[in-house]
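> Here's the letter readout for the chains.
There are 2 protein chains.
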Amino acid sequence: MKSNQITVEISDNRKEKPAFSSLQFGKTFTDHMFVMDYTEDQGWHHPRIVPYQPITLDPAATIFHYGQTVFEGLKAYLSENEEVFLFRPEENIKRLNRSCERLCIPQVDEEIALEALQKLVDIDREWIPNVEGMALYIRPFIISTEPNLDVTPSKSYTFMIILSPVGAFYKEGINPVKIAVEQEYVRAVRGGTGNAKTAGNYAGAMLAQKQSGKSGYSQVLWLDGKENKYIEEVGSMNVFFKINGEVVTPELSGSILEGITRKSVIELLKHWNVPVSERKISIDDIYDAYKNGQLEEAFGTGTAAVISPIGELFWKSEKLIINDGKTGELAKKIYDALTGIQTGKVEDPFGWRVTVQ
Amino acid sequence: MKSNQITVEISDNRKEKPAFSSLQFGKTFTDHMFVMDYTEDQGWHHPRIVPYQPITLDPAATIFHYGQTVFEGLKAYLSENEEVFLFRPEENIKRLNRSCERLCIPQVDEEIALEALQKLVDIDREWIPNVEGMALYIRPFIISTEPNLDVTPSKSYTFMIILSPVGAFYKEGINPVKIAVEQEYVRAVRGGTGNAKTAGNYAGAMLAQKQSGKSGYSQVLWLDGKENKYIEEVGSMNVFFKINGEVVTPELSGSILEGITRKSVIELLKHWNVPVSERKISIDDIYDAYKNGQLEEAFGTGTAAVISPIGELFWKSEKLIINDGKTGELAKKIYDALTGIQTGKVEDPFGWRVTVQ
Ligand SMILES: Cc1ncc(COP(=O)(O)O)c(C=O)c1O
Ligand SMILES: Cc1ncc(COP(=O)(O)O)c(C=O)c1O
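The listed protein sequences derive, respectively, from chains W and V. Note that full-length UniProt numbering has the first sequence beginning at 1, numbered continuously upward. Note that full-length UniProt numbering has the second sequence beginning at 1, numbered continuously upward.
Source of the hints: derived by calculation from the structure; they are not laboratory data. This list has only true hints and no planted wrong ones.
Repeated chains share a single entry, so a pair holds when one copy, or any two copies, can fit it.
Derived pair list, reagent style DSBU-like, types lysine-lysine, alpha-carbon separation capped at 35 Å:
(1) Lys210 with Lys263
(2) Lys226 with Lys319
(3) Lys155 with Lys94
(4) Lys17 with Lys155
(5) Lys178 with Lys333
(6) Lys291 with Lys319
(7) Lys178 with Lys291
(8) Lys229 with Lys155
(9) Lys155 with Lys178
(10) Lys229 with Lys210
(11) Lys332 with Lys178
(12) Lys316 with Lys94
(13) Lys214 with Lys332
(14) Lys291 with Lys226
(15) Lys214 with Lys316
Bear in mind that the values here come from a model prediction, so they are computed numbers and not experimental data.
Excised from the complex, chain W in its bound form (with noise of 0.2 Å):
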């Protein structure tokens, strides 16, 4: 496998790039993409970076049918000196790993992945906005493409990598959100797929995010489907909630993704001696906390936004005003050094951040 060197296939039809300041998440593509093709007898095979082009698939491939498929999502950063950095990269990679081993999708080889992101990002680095919040959207992904109706593990499979200039998610600086806790539908439960990044996660939770949406609530705060009544996570974010001087979110309960601004908060708030515990925590507990003037602030976490401070949640039929709806210090203190990791401006004493040479 590691002897898979990566072919190179310059485009010789480059797109003309938008201007930044007008992007929308996920709709513009950069001139190249990854692509490494799995068959049962090569294996893993044929690394390559060529033009960014359409798939051309049976119409019969598993994944249009039984949805046999994982992805991740990741950003890269231009410093102020023009270098590029990604952010804890092979946290990605291992991830994906292990969505792969629930999919049953077979695993890819670490080094060849974090090889192939980084090469692909340097081909494609002037396509990085040098607009401060602004980044490269990196997306890895698997798919299943053997014609096979029967509900079975595929034989083949195509790993891709796409990337995507993003914009900055709060246009105006970092801003609170309002989330409605979702009473209805749910996510994920245990023993399903829900640590997984799954394409069918996402499916799902597009009716409950469009209901909530058309009463002005930007995302849905999922409870888990068992008794419907702990916290799980918001949309594409982990959730955390300051109470009383603690920081809480919940535990990893094998139905929430295992989030890497997650796993980075945590490490950060610990180095900072700020109290940060992962348990089960109801949404009762979160309504008495507010009651007693105990809530102090409630942030999502994810690659997208790093950190989304919630300004208000609305819950049976009360709004939760959180830190008066503004955002709080601790998620403002904690964007700011995430953010400063990230893009190079301040001191990396964890070893996070990885230069794309």
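Got chain W; can you put chain V with the ligands on it based on the hints?
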């Protein structure tokens, strides 16, 4: 919409038909397929039958990332005097539309979908095996096609129908299977997508299937996701038990698929005045009935096998042998009645059979 005429382009490159005796499920496809597109401004449009051919999509198409997709499965049968029959196809189209609702996919016009089904089967009718027990499997499906990495319903979709001649599910007639009760993994939970026919449910089920397969079990029996005690369904089948003269099947809990075979079996039993009820059934109820000698039969129901008797149920460390591991009398009677109606061998008092002309 109804003015939308289905156009037909006949393939001038017909494939050679395989030896029907050696067919594996879902690996051989016919000469044509149906395609229809959806865009926000035109709605569903351009319905057409074209030669079977690959699909070309942008690598950022949401189907590859967020799995917004639904599908159906039914069969066309050839009668002894070469008539072609479908079994309750309108039920499949209705279920497709219910699945669409859950997955935020725009529903299709039932009349166009039914016309498409019939027209396509008619054009490829010589692909229906003229062998007892064989049929033409029909797979309608919808995929989301917009290139967009934002987790939001796609703005464009493609609806397709492909056809696959399939062998007899039981090479030597109806035969009991061994099923393991799943204790670790969960297929679906109330509030999730279990009652929709969507890819993610099947991807998530593969790992449990694979593991039970290693121990010699052909499928797993899923328990509910909340309490891990109520019986849900089996792989691609609903499940029935005959206990002390009464036939019971799990009620539609919101997390199991509303099988069309299930519905037909219930209607058939009522027609025969056999006591049948839909209710919550715990695995302990089944175990108790077994211990008391009252568990007379168990069988799965689904389009693929029609009726699949369960000869052994593995639960914790015990093997429950049902009806001496043989096909039960009632299972056989239902099987004969349903396949008789499907293939035109017996009267159809229910009006379930639809002739393709
Ligand atoms: C469901 C879900 N939870 C949490 C996260 C946050 O994970 P990370 O911090 O690794 O981006 C994401 C996004 O990746 C996600 O999709
Ligand atoms: C999960 C699941 N349950 C049950 C069934 C049985 O449904 P039907 O009788 O409509 O084929 C199927 C197959 O279609 C299925 O996929």
